[in-house]
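Asker: Chain by chain, the residues:
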Amino acid sequence: MGTLEQTVETDEHHGPARGITRWFYTTNHKDIGSMYLWFSLIMFLLGGCMALSIRAELFQPGLQLMDPNFFNQMTTMHGLIMVFGAVMPAFVGLANWMVPLMIGAPDMALPRMNNWSFWILPFAFSMMVATLFMEGGAPNFGWTFYAPLSTTYAPPSVTFFIFAVHMMGISSIMGAINIIATILNLRAPGMTMMKLPLFVWTWLITAFLLIAVMPVLAGVVTMMLMDIHFGTSFFNAAGGGDPVLFQHVFWFFGHPEVYIMILPAFGIISQIIPTFARKKLFGYASMVYATASIAFLSFIVWAHHMFTVGMPLAGELFFMFSTMLIAVPTGVKVFNWVATMFRGSMTFETPMLFALAFVVLFTIGGFSGLMLAIAPADFQYHDTYFVVAHFHYVLVPGAIFSIVAGVYYWLPKWTGNMYHEGMGKLHFWLSFIGVNITFFPMHFVGLAGMPRRIPDYALQFADFNAVATVGAFIFGFSQLLLVYNVIQCIRVKRHTTAQVWEGAEGLEWTVPSPAPYHTFAQPPLVK
Amino acid sequence: MAQLQNENIKLVRKLVLGCLLMFGFGFALVPLYDVFCDITGLNGKVTRTGPAGPMQVDRSREINLQLIAVNNEAMPWQFEPITTTMTIHPGLTGQTAFLAYNPTGQNMIAQAVPSVAPAEAAEYLQKINCFCFERQALEPGQSMEMPLLFVIDPELPEHITTITLSYTLFDITPQLQANYSAGQPSMRRFML
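Taken in sequence, the protein lines are chains S and Z.
If you count by my numbering, then the first sequence holds residues 1 to 527, one letter each, in order.
If you count by my numbering, then the second sequence holds residues 1001 to 1192, one letter each, in order.
Think of the hints as simulated: they come from the structure by calculation, not from any bench.
One or more of the hints may lead you astray.
[To be verified] Distance condition first, Cα-Cα at most 27 Å in a straight line; then the derived DSS-like pairs of lysine-lysine: (1) S:Lys195 to Z:Lys1127; (2) S:Lys280 to S:Lys195; (3) S:Lys527 to S:Lys195; (4) S:Lys195 to Z:Lys1010.
Whole structure, please, built from the sequences with the hints as guidance.
Answerer: Have a look at this one:
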């Protein structure tokens, strides 16, 4: 743990180490943040290829490209990779890069643990992806791995999946501990809690969610491991266990998990909109309290994922109303964003475009969530494409768009160069059009009764599925523009100022662009 | 600096402790859900077992009891109730039985797991003796009548007129783990 001292005591102009070992041994928050982001990009493209293979199979009815077992492996791996490999590491990478810069800290509080929490990930995901090449194939039971499908009927590779989940859980927990320690202990003098930028606030709350629920995920996969190999019967009715118990424990983790994937997104959007509306964020304090309320509520709504397991009426009602309650703090946030833009001097650079699309499309996803929260109606929607449409609307134009918005917003600060605005806008419009063509028709086929997780479907769903597949390929291939834009921004010298954006405020815009290897060796004074 | 390190270490200790507690809490959820279901009677599990105390027989109404026998997947036994429906006054001890037959050439052990619908009725059904209390063993070709002795509490809410009692029979014969046979080359087809 001596590294933080070294960082602070080293001369400000001391640069990074040379060679490949720089990346293995680095304890620098900027290096580690970059590695997280590159890792996430690779996983995003890999998970995206799996999504495209799913959509290709669903382009028309009948079995064309793959057998159903492989299709199931694709849906499972797509979900796991996108949730644990793309979205979560991207947010941790952004936190690594930006949290110390935003609070005036020289580095993360625990730099060596930071290195470790990143380097666990490539090994965890190598193990997970390797299951595709094992006998019996990769996990094929869906990313929610319901028992007994994931225990009694699982392929042998499930054990590798369990250990991969353990490892990524340890990585997330270490990352969360680091972020909490940084925010609570390393703020610059004068940076009080209610002056923290909202990205920092949302990440602080997210980190507490991670610490609360990742151990529960570790617990549930450990129970699976014991059921499979050590003869216990947690989820086996013959031995006195209960398969429904799995769903309760899993969703006790799973619902806070979906907020882990969206709260930092709220934070990013709350940074970007004020910058391009050239106004202070409307209702800062209410944003903080709304985030905390959403985090609290996430612990008491888990069973809305399992309305159809045969819960008693009292349970259905409780989970229905508590779920609907979440719309209140979320609505506060959406109205605050709109109020921030109201009568602002708005401009529409790429980050702002993605942020605006986030507000609109995330709200659509939120509304379909409210429809799903209605317990009696959920019996029709449950496990249909309506659910697929709902969570892709909150995760793709929600979490992913916010990450992309954040990348375009902070990329000039990271590289010192401006990205190509025209190419950025092209990327936005192709993504925006592609994402809606892909996921909007899924609402219709879902309401009409098309079940999720099937490789073949009834003929009446053919047209909308063909449309969705076309949209998916537009969206998927337009992400190559993101890769192109990032690489071009690194390579083409188009120098930018420290402030970068006219309306940008906050400590991160006071350091030069590109941000020097060591920043805030002397803590800034925040007034 | 040293002071900051101390603060960091203190905070990390607390957070790691929090993680360990939550890991334990994950496992604690297993009994907690059971306790919760016991207290609220929400899960349709019959918790009243053993000898019944004296009860007032309510001759003013009759309850339909439906009996269902289900084999869990891969359970080869024949398993059925001797009668599928019976009517009984609350407070009166009822007796019936289920038939089991082992058609295989092996000694087998089975466990029946009960469930009651509607769940609200579960706490008013008292099983005095039930074959589901213990494991049932059958030799090859052997059959057996498995008794069930029960009483329905006269406190049963008026609106419940029919109770369904279902048993699922599981094969719990100790055996080597079945080999996973579905090692199809699913990848190959996709790649070619």
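Asker: The structure should be examined with respect to each hint, and the outcome stated for every one.
Answerer: Status of the hints after comparison with the structure:
| no. | hint | result |
| --- | --- | --- |
| 1 | S:Lys195 to Z:Lys1127 | 63 Å, violated |
| 2 | S:Lys280 to S:Lys195 | 13 Å, holds |
| 3 | S:Lys527 to S:Lys195 | 10 Å, holds |
| 4 | S:Lys195 to Z:Lys1010 | 25 Å, holds |
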